[in-house]
Each structure stands twice: as C-alpha cells, then as structure tokens.
Amino acid sequence: MGEKEKTKIMFVMRKPPHGSIYAYEGLEAILIMGAYEQEISVVFIDDGVFALKREQDTKPLGVKEFSKTFAALEDYDITNIYTDKESLETRGLTVDDLIIKPKVLEASEIAKMMEEQQVLLPF
Amino acid sequence: MGEKEKTKIMFVMRKPPHGSIYAYEGLEAILIMGAYEQEISVVFIDDGVFALKREQDTKPLGVKEFSKTFAALEDYDITNIYTDKESLETRGLTVDDLIIKPKVLEASEIAKMMEEQQVLLPF
Amino acid sequence: MKFGILIQDGPYNHEAADSAYNFIQAALERGHTIQGIFFYNDGVINATKLMEPPQDDRNISKRWSDLGAKGIDIIVCVAAAKRRGINEDVLIPNARISGLGQLTEIAIESDRLITFGS
Amino acid sequence: MKFGILIQDGPYNHEAADSAYNFIQAALERGHTIQGIFFYNDGVINATKLMEPPQDDRNISKRWSDLGAKGIDIIVCVAAAKRRGINEDVLIPNARISGLGQLTEIAIESDRLITFGS
Amino acid sequence: MLHTINKSPFVHKNLESCLRFAKKGDPIMLYEDGVYTVAAGSKIEPMVAEALKKHPIYAIEADVKARGITKVIDGVYLCDYYCFVALVEQHKVYPWF
Amino acid sequence: MLHTINKSPFVHKNLESCLRFAKKGDPIMLYEDGVYTVAAGSKIEPMVAEALKKHPIYAIEADVKARGITKVIDGVYLCDYYCFVALVEQHKVYPWF
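Chains as they are written, first to last, in this note's numbering: chain A, 1 to 123; chain B, 1 to 123; chain C, 1 to 118; chain D, 1 to 118; chain E, 1 to 97; chain F, 1 to 97.
Excised from the complex, chain A in its bound form:
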C-alpha cells in the first residue's frame, strides 16, 4: 500500500563486444539500474549473444574483458536474463558456449516480453 510499483526495464543487447563500446557501456548502465530496485531484465539477441561467449581473452588486444561481469549479474539481483534461439543458431552457438545460462526463448516469446516492458533500452 502506497508503495510505488516497480518499473519494468529491459535491456536489449544487440551489439557484439569490443568492436564498439555499446555492449560495455550497456553493461555499466545495467549495473547502475540494478541498484534501483526496479524490475530489470536483460535479453541478448542478434550479435548481442556474442557478449556472453565463453573464453574471451582481450589481453592481446589491450582492452578490458568484461564478459565475467555479465556472469556476475546474479550478484546484483539481476536474474531475468534471456536469449534468442535463432540468434544463437545463426552464429553456430549453443547455450553451452556461453558464460551464463540465460533462458533460451523463441523470437515470438521475446517480442511478447518486450511488449510487457515500460522501458526498452537498446545497446
């Protein structure tokens, strides 16, 4: 009673890591918003699934490796993490290739979830 309803915020991660900063700055935004006790979810579609690829080694490139921080999202109480079946298949990946085990959904199920959000953030 009197408590404000939580806002449903979904991060839609479509960009691959390292080639551009969107995946990384998107992650920074997820971590901050995670502290605001809203209803956060994160979905990885298209090239966004590459952000979760296992065995990323950025040392030779000299840039930050941040896939492990995606793996730590649970520690920030962000547990609604999804990915798209066809995006994985197109890229020759299965959920076993990923550092975490997001729930694998059909595009139509993801579309339905997107529809239910109040805020969609593209990264």
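These aren't lab readings, by the way, just hints derived from the structure by calculation. Be careful, since some hints might not be right.
Straight line, CA to CA, 30 Å or less: simulated DSBU-like cross-link-like pairs of lysine-lysine [claimed, not checked]:
| hint | chain 1 | residue 1 | chain 2 | residue 2 |
| --- | --- | --- | --- | --- |
| 1 | F | K43 | E | K43 |
| 2 | E | K23 | C | K2 |
| 3 | A | K68 | A | K8 |
Please build the complex by placing chains B, C, D, E and F on the supplied structure of chain A, with the hints as guidance.
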C-alpha cells in the same frame, strides 16, 4: 622531365548522404584534393550512389543540400566520375535518376581501376 | 505524457541528434513534457560548447542549450563524458554532468523513453 | 616504406583507434616510416587532452600524443574539429590542427595510405 | 510496440531482425537512412510488400524528401514528426540500430 | 589489392560487397568485429568456404581471441599486426566499412 608524376587518388563513395556525414565530408576532401593537380577519380558504389540522386530537398530536414556540389565537380577539373551498374539496379535507379552522368561500369571494371590507384579513400 | 530521451550518438557525424531534436520539438508542440534528455555513449559530444559549425549550418550544441534554458533537464553521463573529453570546462550552459542514476530516474518517471542513436 | 594513416572514427566508441594504433606500432617495428596520422570525421575526437578514461583502461589520446613526441606528424582536420568542439585549447601536445591539404600531402608522399574507421 | 529503423536496408540487416521479432500489427517507423527501404522499384521492395501485409509502415517525409525519393511503395504512410510522436503516445518504442 | 572488413557479417552486408568487387586472388583481412566471419559452425560459413576458393583470408588473432572464437574455419590464416603490415607492403588497401 623532372616533373613529379601525378598521384592517382580515388575516392570510393559508399555511404548514403544525410544519415551520416561521410558523404559530405568526403565531398569536402574531394574539393580540396582537386586543387592539388593530382589525378583524382571518384566512384560511387553501393549506397554511395544515393549521394547523386536527383531532387534531394533537405529544407524540411534543416540540413545542407550538397548534391549540387557533386554536380559541380567538373568545374574543379574532376571529370573521372564512375558508378557501378549493379549498385544502381539494386536500388531501382538508372543513370537518369542522377544529377550527373557518371560512367556506368561493371564491378570488375571498377575493381580493375581501384587496383591501378596509388591511394584509395573510403567515404 | 512525460517523455524521456536517450541520445547515444554524437552530433553531425550521424543524424541521431537531428532526429532527436525534431522529435522533441514535435512532442513539445503536442503538449508533452520532456522529463529529461540524457546523453550517453558518443552522445556526450553533443554537449561541448566549443563546437563551431559553419555559419550556414545548424549549431547542434546550442539547440540543446536552448532547450535547457527552457527548463528541460539536460544531463550528460559523467563516465561516458570522461572517456571522450567532455567536462565542466567545456560543457554547454543549461546542462549538467551526472551519473547513470539520472537515466534510471528518467526511465522510472517517464511514460515513454525514446532512444536515438546509430 | 612510407605509410600514411587516416582515422575516421572516435576513440572508445569504436575499435578503429585501437586497430590503427596496433597497426602503426607493428609498422614502426618493421622499420617503416609513418608519414603522418590524419584525423578526420569523428576521428578528431581522438585529439582531445581532456580525455580521462578509467585508471585501468588505455588512454587513447595519450597514445597519439606519445607518437607525436617521437616525431610523427599528428594532424587534426580543422573543419571536422570545429564541428565536434576540438580546438587548440583542448588539443593534445605534439599534434597540430590543419586543413585537408595536409591529408593530400600525406596521400602524395606516402607509399600507402591506410584508413581506419567504421 | 512501435519499431523504428534508421539504417539503409542495402547495407544493414536490421530490417530482417525487426521483422523476425515484430508482432503482427506492430507499426514500423522508418527514418534517417531507414527511409531508403520505402523507395519504389528497388530489390528490397518485395520484402517491404510482404512486411506491409503484417505491419503498418510509416516513413518520415523530411527524410524521404532529403534523399530525393520521389516514388514511395504503395501502402507506406509518409508522415511528419507529429505523427511519430502520436505513434509513441500509443506504443512503446524499440529502435533497431 | 588487400580488402579489409571490420564489421559483423550477421548485421552488415559489407562482406557481400567486398566479394562482389574483389578480384580472384585478392587477399581479405578480417579484423575488429569482422573476425566473427571466420568462426566455424555459423550460417555464414558456406559463404566463407566459397570465398576461400578465390581469396586468401586472414583474421587478426588478437580480435579473434578477444571474442572467444576458439574454432576458426579451415583454411583461414590467423595473423598478427606484423602480418597485416606485411600484406600492406605488398598491396594497396581498401577498407569495406
């Protein structure tokens, strides 16, 4: 005798106008380089052909209209202007849709010309 | 309605800043409120007062500053700004540098959040 | 050989500035000369000294300034710089702001011109 | 949900992604270089004609005019930013950058 | 001529353009997000296998490792920036941004 050979410089225009600044800043580079008495050529391929589309009216958008400056390249002694047959066809365009009449070439002919350049500049 | 605006790309290089501006103008004219304009990623470059476009071209940072003068909250992400060399010394008037918490608050308080980028 | 380098995109937001730097390092180590590094389009943002990346990250503008200190000509296009708020006040040491004529000269004097962008 | 697309369909595959996720009836707004999608006569036209069976498609007229697109695919609505705002009043927005 | 590609083939059509213009025997260098092209097992693999019949294909190993690509399509050369420079010594370069 003793005169330095001209450098063959080709601008390869692949980006459409207005959505990003590359076509426009590419044009600025063409105009400057045109004053250096080198052997300049300009080829429009892929979405680059849109830079030459007739009847561009940027007033409602509030940005500069610069297709007419491409039409004036001849005044700067830049007369080696080419485009790619398939790029036009894919976009439903013919050379009559363009503000100038570049020489229409096959991709293989353009590839051959690119090979002959000393400098290729992508815009 | 209350609209929040997120801008992810820089001025001139891409059309995003123009589209966002045109959208905001139309929203204001339709009687909506702009809850805040948040610059993130390369979007922070919109907020430099050192911009000097050619005389016959639009001045994109001045547009944002003018919206700020009308009372719209213009916020530049501090972390993104530091990476790209935007700080208080070069910030346009009527804008402020702050954290991603401000984007969160805009997201929570707005009826719609609309993102412009590339 | 003499290599000219053209950089069309900004730092951090895209990998272009990193790739260019890695290429230049390898070219120098293989005994080549860098005739000049020309920043155009959003590439000009590489040249701001106000950049403050996180401590554990690379400082991209400092990399360019260090190459300039070694005698490599680092040139920032004046027209592109004005649009994006880069001027002498914020320019990294060991770089200079000049016109597209400098890119022309690099193009003429280099054996190869290599462009990094996005 | 309103889907927006601002990239050329000849170089980017964002339209394909959008169509894969968009629900029947969802409107699609094309702006910036996205408006090249609606130029009549291109190799993209059949995909757009197919999409029109499931989605109302809008294109920002200022972007269309700026690019010299004089013939637009039948069934596409040309609209201004007021119309864009009106659609946002009715729908959440997801931009397919 | 050396062709370079730095974009993901799943979202951009630059590889298609490159292959349309590249002459038989021209080397192709993949770097940045372009290296996703050479990951084995994807839907892109047949196009790459076809391209390998006409072109030597290289990929920058630092970019490959950064992206966690552990299995590369047979016939693709992994190389470092010295190798990139060596190719530029032999060829003019055109980047398919």
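Outcome of the hint check:
Distance restraint check for F:K43 and E:K43: the Cα-Cα separation of roughly 23 Å lies within the 30 Å cut-off, and the hinted pair is therefore satisfied. Simply put, E:K23 and C:K2 have alpha-carbon atoms about 26 Å apart, close enough for the 30 Å limit, and the pair holds. For the hint linking A:K68 to A:K8, the alpha-carbon distance of about 25 Å falls within 30 Å, and the restraint holds.
The structure agrees with every numbered hint stated previously.
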